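Could you put together the complete structure from these sequences and hints?
Here are the chains, one letter per residue:
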Amino acid sequence: MKKDKSKRLSDWEKKFSKEVKIETSKEFFHETDEGININPLYTQEDLLDYTFNDIQTLPGEWPYTRGPKASMYTNRPWTIRQYAGFSTAEESNKFYRKNLEAGQMGLSVAFDLPTHRGYDSDDELVMGDVGKAGVAIDSVEDMKILFDGIPLDKMSVSMTMNGAVLPVLAAFIVAGEEQGLDRKVLSGTIQNDILKEFMVRNTYIYPPEPSMRLVADIIAYTAKEMPKFNSISISGYHMQEAGANNVQELAFTLADGMEYVRAALSKGLAVDDFAPRLSFFFAIGTDFFMEIAKLRAARTLWAKIMQDFGATNEKSLTLRTHCQTSGVSLTEKDPYNNIVRTSYEALSAVLGGTQSLHTNSFDEAIALPTEFSSRIARNTQLILQNETGVTNTVDPLAGSYFVEKLTEDICSAAWKIIEEVEELGGMTKAVAAGMPKLSIEESATKKQAKIDSGKQVVVGVNKFKNPKEPKIDVLVIDNEKVREDQITKISTLKKDRDDKILKGHLNKITEAAKDNTGNLLALSIEAMRARGTVGEVSKALEDAFGRHYATNVGVSGVYGKFFEKDEKFMDIQNKINIFEKEKGRRPRVLIVKMGQDGHDRGAKIVATSFADLGFDIDMGPLFQSPKDVAKDAIENDVHAIGVSTLAAGHKTLVPELMKSLNAIDKNNKIVVFVGGVIPEQDYQFLYDNNISAIFGPGTSILDSAEKVIELISKK
Amino acid sequence: MMKLRDRIIAGERAAIAKAITLVESSREEDIIQSHELISELIKSPGHAIRVGFSGPPGVGKSTFIESFGSYIVNKNFKLGVLAIDPSSNFTGGSILGDKTRMSEISKNENTFIRSTPSRGSLGGIAVGTREAAIILDAAGYDYIFIETVGVGQSEITAANLVDIFTLIVGPGSGDELQGIKKGITEYADIFIVNKNDGDLASQASKTASDYKSALSFYNKDSDALETQVVLVSSIENKGMDEVLDSYNKIVNVNKANNQFDKRRENQLAYWLEEEVRNKILLKLRSEKETSELLEREVRRIIVGETGFYAASKVIIDRFLSKK
Numbered sequence: 002m003k004k005d006k007s008k009r010l011s012d013w014e015k016k017f018s019k020e021v022k023i024e025t026s027k028e029f030f031h032e033t034d035e036g037i038n039i040n041p042l043y044t045q046e047d048l049l050d051y052t053f054n055d056i057q058t059l060p061g062e063w064p065y066t067r068g069p070k071a072s073m074y075t076n077r078p079w080t081i082r083q084y085a086g087f088s089t090a091e092e093s094n095k096f097y098r099k100n101l102e103a104g105q106m107g108l109s110v111a112f113d114l115p116t117h118r119g120y121d122s123d124d125e126l127v128m129g130d131v132g133k134a135g136v137a138i139d140s141v142e143d144m145k146i147l148f149d150g151i152p153l154d155k156m157s158v159s160m161t162m163n164g165a166v167l168p169v170l171a172a173f174i175v176a177g178e179e180q181g182l183d184r185k186v187l188s189g190t191i192q193n194d195i196l197k198e199f200m201v202r203n204t205y206i207y208p209p210e211p212s213m214r215l216v217a218d219i220i221a222y223t224a225k226e227m228p229k230f231n232s233i234s235i236s237g238y239h240m241q242e243a244g245a246n247n248v249q250e251l252a253f254t255l256a257d258g259m260e261y262v263r264a265a266l267s268k269g270l271a272v273d274d275f276a277p278r279l280s281f282f283f284a285i286g287t288d289f290f291m292e293i294a295k296l297r298a299a300r301t302l303w304a305k306i307m308q309d310f311g312a313t314n315e316k317s318l319t320l321r322t323h324c325q326t327s328g329v330s331l332t333e334k335d336p337y338n339n340i341v342r343t344s345y346e347a348l349s350a351v352l353g354g355t356q357s358l359h360t361n362s363f364d365e366a367i368a369l370p371t372e373f374s375s376r377i378a379r380n381t382q383l384i385l386q387n388e389t390g391v392t393n394t395v396d397p398l399a400g401s402y403f404v405e406k407l408t409e410d411i412c413s414a415a416w417k418i419i420e421e422v423e424e425l426g427g428m429t430k431a432v433a434a435g436m437p438k439l440s441i442e443e444s445a446t447k448k449q450a451k452i453d454s455g456k457q458v459v460v461g462v463n464k465f466k467n468p469k470e471p472k473i474d475v476l477v478i479d480n481e482k483v484r485e486d487q488i489t490k491i492s493t494l495k496k497d498r499d500d501k502i503l504k505g506h507l508n509k510i511t512e513a514a515k516d517n518t519g520n521l522l523a524l525s526i527e528a529m530r531a532r533g534t535v536g537e538v539s540k541a542l543e544d545a546f547g548r549h550y551a552t553n554v555g556v557s558g559v560y561g562k563f564f565e566k567d568e569k570f571m572d573i574q575n576k577i578n579i580f581e582k583e584k585g586r587r588p589r590v591l592i593v594k595m596g597q598d599g600h601d602r603g604a605k606i607v608a609t610s611f612a613d614l615g616f617d618i619d620m621g622p623l624f625q626s627p628k629d630v631a632k633d634a635i636e637n638d639v640h641a642i643g644v645s646t647l648a649a650g651h652k653t654l655v656p657e658l659m660k661s662l663n664a665i666d667k668n669n670k671i672v673v674f675v676g677g678v679i680p681e682q683d684y685q686f687l688y689d690n691n692i693s694a695i696f697g698p699g700t701s702i703l704d705s706a707e708k709v710i711e712l713i714s715k716k
Numbered sequence: 071m072m073k074l075r076d077r078i079i080a081g082e083r084a085a086i087a088k089a090i091t092l093v094e095s096s097r098e099e100d101i102i103q104s105h106e107l108i109s110e111l112i113k114s115p116g117h118a119i120r121v122g123f124s125g126p127p128g129v130g131k132s133t134f135i136e137s138f139g140s141y142i143v144n145k146n147f148k149l150g151v152l153a154i155d156p157s158s159n160f161t162g163g164s165i166l167g168d169k170t171r172m173s174e175i176s177k178n179e180n181t182f183i184r185s186t187p188s189r190g191s192l193g194g195i196a197v198g199t200r201e202a203a204i205i206l207d208a209a210g211y212d213y214i215f216i217e218t219v220g221v222g223q224s225e226i227t228a229a230n231l232v233d234i235f236t237l238i239v240g241p242g243s244g245d246e247l248q249g250i251k252k253g254i255t256e257y258a259d260i261f262i263v264n265k266n267d268g269d270l271a272s273q274a275s276k277t278a279s280d281y282k283s284a285l286s287f288y289n290k291d292s293d294a295l296e297t298q299v300v301l302v303s304s305i306e307n308k309g310m311d312e313v314l315d316s317y318n319k320i321v322n323v324n325k326a327n328n329q330f331d332k333r334r335e336n337q338l339a340y341w342l343e344e345e346v347r348n349k350i351l352l353k354l355r356s357e358k359e360t361s362e363l364l365e366r367e368v369r370r371i372i373v374g375e376t377g378f379y380a381a382s383k384v385i386i387d388r389f390l391s392k393k
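Here the protein sequences come in this chain order: A and B.
Using this note's numbering, read the first sequence as starting at 2 and increasing by one per residue.
Using this note's numbering, read the second sequence as starting at 71 and increasing by one per residue.
Calculated from the structure, these hints are not laboratory results.
Please read these numbers as outputs of a predicted model, since none were measured by experiment.
Careful, some of the hints might be misleading.
What the simulated footprint calls covered on chain A by chain B, stretch by stretch (three residues with Cβ under 8 Å from a Cβ of chain B suffice, anywhere in the stretch; the number is not a length) [stated by the list, open to error]:
no., stretch
1, 583 to 589
2, 605 to 614
3, 659 to 669
Just so you know, even glycine gets a beta-carbon here, dropped at the ideal spot from N, CA and C.
Okay, here's the thing in structure tokens:
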């Protein structure tokens, strides 16, 4: 016999309450990092008349919640686009060609940090960073080698470049030219998303306002000259990596997008002239359904936003996105677990309807991927596409009570933040006021506290630990050799070119930058064609704009809140109080980033949580040299220095720091510890250089704090 | 100990740093040592001009010091900066982030930059700030900048540490203008209006002229220098030469009319009184009999058994009679 709906629901409610032994299921929900409540059950009752999500719509139809295209993967699956690049252009080129043969469909270039920050490989400032976290590109010559044998009219190329975006994109265009190709046929994407650099990733060069001009110039130039090229990839990825929750990631990314649209409109373009070439980039973490709903919500909101801007072309209204599985969800402990994590994340991205995808290699919490680990990462996607059947149906989760409701919940939560940003006057102003940065840092610190306190489980890290950690091989880059090779190439280049002609082009760039005239990408192309270097063009712009230096203030009190009455937390506080009584002051620790590595999430979290425990924390500026750090440490008479390193610079920079400390005070008793991405193979090297402790990814802050206080008490 | 003195006078960085730690320390033996050290160091004074910086949070004190400090250091002066960092934390720890705004000057060989958490101490400065300035002076620094927490009421204590007291304000601080009491102008030698750049430029220059006209109402002694007002942009490095000119003028005029030394003498008296007051209170609290008396008298006032002034007299009399 058929029961009526409400009777069934109340019956379920009774059974549920009995099973879990509580009064009502209403008390039983899970609160996500985003502050969204996830209920144990969703029913038809949850499919209300929503504000944003119209569940009646179809794929390829306004507001494109179900996908930008009608056919989606049934016609053509997503593009497998693996992000890679290391050491020299020659090495990276070999790697790309091998991957393309093995079934990869698009290229995605990772540049090294000096290139990002507009320094040539022969610059003293960047000694430790050349060729480390990506490929070193100094000129057109390097770019030509990078794509040697890869036809740029057939292969779409994505380039992660924001700071030195002009000379790098210019070099790419000239490399195409010298392959005999008109720039009109070049296809691909340049990241060109500077706002998020100021928020989280820190590979900016110039201050925010002139940086926005570069973005607008590139959009304007490509709209006219390169119809197949995506002029910007508006990226939330790095926000999530820096600890943003999914709603923050979505809201700030869309708000960034709005700001870029305004910048392009200010160049006199019509919205439909450039909006079809705007693309997006999101991170996909381990919260399975949240990530799916996030992508659906992203398309829904973007359609609304673009309609408000007066767009009518369907391509302007649809959000197309690249996704990458989460790097921050990878663990150093029990690293093969990362293959499983990445697989689930990849499935999320696909069920959410991404246009292209990068799957991380399992060893990326420790080093750059090896050939072996990259093959597994790529095959994760090949198996999804060819064996699981996920490509047979468009948006298969549509109509799920839960997923539809979650999509709506994310939409409305994100919209609230977007409205806040708009009230501040848009994203450039919000960024200048530090609003997004602070809220992301707060969220990052909460997340760390949840993991350290065991409230959030990470398998193999805070629960189900592997008693026998496997040893894995990692890729080693001979940084010295790469640097020498690059220096040789630069000096040959400089010998063979006509300096006078180049000088003329560089001067034009500086003038146009100063006077706010001309198109800076067009001028950069001239300079790069005349064999200027990335460093020289960047310098010409710097002469007009200056370099940007960020201030570095963090949140406080957020971490400590999670540990009220926690025994271990109080025990450490107690140890610190005893220390203060005995030594006449609190333990003082300088937390630093050295070299061009701008990933400061880890450094920030350590700083704020150590301060919550009772340490006095000195926060160094970004991009310090070992010599600067040593001076800072000695002058403030710190007990310890914590070096955060995520870009493989530790082998050069840490020994340099020890040398500098001894040069100022050979009797110094400063304890130096290192945290971040460090392969186990390097541990002994660091210990040999008098490093007292090494904390890999996934180390609990409490454990590291306890160790540090113990180490400095002994001195 | 004497070795430390010599090393400081020789300008040795690590020695200066250790000495500042000593004067900031709360440990009994450190305090004794620091007294010895300071007594020695004031016998060989340098020639430093001490400049204090106060102003509301967010007005750009550190950014100004970065910009003006670079200007000074490029003129081959040696610069010491004592930054009192307001950030403190509910558990007692703190994040000292001021230096992140001073990345250029902190690299320079001719600077010494020390941050100190303000903790609970009074007046926008920290325990040991006065002594730290003495150490940097003895070590041969030409200028010593003291960046205070800048919480408003702190001007008097901080002003008593320096030869030039600078108040930094932002554009559109017209509302605060109402709050310029005669008191503050007595302490501030110079107002710097920051953020004369971009969208805020016109507002900044208006603010500067508002200050000028407001300040003209307060007349100091007839031979004293009027309070200076300078418009600057820290991010565009504008107005730095004018600031230095004003500082030179303040020093020169004050030296010519004897105000410079007189101020230092008055400050000595101020700090001596502070020291005596603090030590007496400390002693009062640390001895069982008097600390109990203190508590008892408070309770008696509350329940109406005695009056405020009567209680105070009882405590003082008891304390003095013990000696």
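Going through the hints against the structure:
no., hint, verdict
1, 583 to 589, "holds (count 5)"
2, 605 to 614, "holds (count 6)"
3, 659 to 669, "holds (count 4)"
Against the hints set out earlier in the document, no violation occurs for any number.
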